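*Asks:* Listed below are the residues making up each chain.
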Amino acid sequence: MGFWNILMYLAWGLSAIMLAWMVVDAFMVSSQYDEEYLMSSREGGEDDVVHGVHLEEENP
Amino acid sequence: MAEAITVNSNKRIAMLKVLNPFHIWALGVGIVLVGEFMGWNFTVGKGGAYASLIACWVIGLLYTCVAMIDSEVTSTVAAAGGQYTQAKHIIGPLMAFNVGLYLVMAYTMLCAADALVVGDLMKSGAGVLGFADLDTKPFVVLTVAFLAWLNYRGVFATLTLNLVITFLAFMSLIVLFFAVDPLNQGAVLQHKALLTDLPYGWIGVVASLQFGMWYYLGIEGTCQAAEEVRSAGRAIPIGTLGGMMTLLVAATITWFVASGLMPWQYLGQAVTPMYDAATLLGSSKLQLMLFVATLFAAVASANGCINDASRAWFSLARDRYMPVFFGAIHPRYRTPYRSIIFLVPIAISFAFTGLLDQVITFSILSGLLGYTFMTFNMIKFRKKWPLGSIHRGYIHPFHPLPAITLLVLCSATYFATFLGYGATLLSIMAFYILASLWFIFRRYQFVRRADQFTMPWPRPRGY
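Chain order of the listed sequences is A and B.
The numbering of the first sequence is our numbering, which starts it at 1 and goes up by one.
The numbering of the second sequence is our numbering, which starts it at 1 and goes up by one.
Calculated from the structure, these hints are not laboratory results.
Please read these numbers as outputs of a predicted model, since none were measured by experiment.
One should not assume that every hint holds.
[What the hints assert, rightly or not] Computed beta-carbon distance windows for the label pairs:
| # | chain 1 | residue 1 | chain 2 | residue 2 | range |
| --- | --- | --- | --- | --- | --- |
| 1 | B | F131 | A | A16 | 18 to 26 angstroms |
| 2 | B | S436 | A | G2 | 35 to 43 angstroms |
| 3 | A | I6 | B | T160 | 24 to 32 angstroms |
| 4 | B | V128 | A | I6 | 45 to 53 angstroms |
| 5 | B | P345 | A | E35 | 16 to 24 angstroms |
[Stated by the list, open to error] A few chain B residues that don't get close to chain A, going by computed Cβ distances all over 10 angstroms:
| # | residue |
| --- | --- |
| 6 | M15 |
| 7 | T85 |
| 8 | A145 |
| 9 | H330 |
Just so you know, even glycine gets a beta-carbon here, dropped at the ideal spot from N, CA and C.
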């Protein structure tokens, strides 16, 4: 088996490991954390109040 | 079975705000730069070398308008989803759904095309080294799997990698520019002999506009990182406009070097024109550099596309426009991990079709539909929230001129696309119309209408 054939098998193998790792980790997270918490984010994140503040409210 | 961890009910999960303007630059330029290494040269095939230069600058103007408009709106709507979130707040749910879908389709298909390019490059490299039968599939899958894994594990490392490889790819174009002795016309570059009149007249110039988008397609993706930058008001405008300037320089250099080395008849159908340019110079070091740079550019583009497609899909899900299951954030890595995993098989499926042309055309048209929306979005944004009513990190000049220019140039590009890919254009339009009907009659009933607007914005003028 030549270098390039080994490289192709290596590529398949690494891909499978990384994809499997993500799927397993995702299942573990789902089993360990409350779904409501995992999906509790809101647009803009934590400090979004910095943006879009109403100037007229800020400086009445 | 372990008991589920319930975090304090008042505590919300959020994506990490760790990115700076350099990451934004790397995201935008990283997605695009592969277009300077291949693809842009189809403009030459459509209308000759001068038509390609006209397309380079005219479409450059189109994207400058996009970058300016995006910078202003995103510096205010600092949320993942980018143009989708903008459309939701400024126009309405149906437009938002369509824009979100354009984004997901455009980036997922572009990612597939980039992975195909990586596979083809590996095959070419193996061929040069004496192994002609390399199967590209394992390298296509590895590209998508590795980049998805990287995206899954955190945005900072993902975009830092993009910063490094995008910068190296850009520098390779600068090195190539100096290698052709640009100030000494005739020594290496043969513009006088190679530049002919417009071979297909001005209709060729119009036809070349469609492929002119390759020079810049994807720079608008910077907006997707708005929720993960430390300061959206600063980082998005600096990163996006800096990226646009970089691309204008890169595009012009690319055209200048390639059109001075190759006749338009060859250049217009070359697969890897910049690699060919290095080959013509007879330097094996330059050849190797351009080979690696093309590889880096393709990987950076795929990386940025996974980042952006997942944020767009995540945002659609967070608002229940798509199944809410995909709106989850990883508690450790703070990434939209379910969206990232979900898009992997889709990208690989598109890539396995091997239809690079069709995949890219779908991506370009989805992008074009998105740019058209921006014109109406910008006009409405300034009307509903005039200057002084809300904080803006950046205010673009000459409003409404950029929005009107953008609409005119988008119309010209639609016409150009219709000339070359009329059936594809109509079938894509039909796809989005069907998707819209599905959204109106089936999906929108699941959307919690009040929950989708959580930005602390004042009531718009006139409402």
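*Asks:* Could you run down the list of hints and mark each one as holding or not?
*Replies:* Hints and how they fare:
no.	hint	result
1	F131(B) - A16(A): 18 to 26 angstroms	holds, 23 angstroms
2	S436(B) - G2(A): 35 to 43 angstroms	violated, 52 angstroms
3	I6(A) - T160(B): 24 to 32 angstroms	holds, 30 angstroms
4	V128(B) - I6(A): 45 to 53 angstroms	violated, 19 angstroms
5	P345(B) - E35(A): 16 to 24 angstroms	holds, 23 angstroms
6	M15	violated, 6 angstroms
7	T85	violated, 6 angstroms
8	A145	violated, 4 angstroms
9	H330	violated, 6 angstroms
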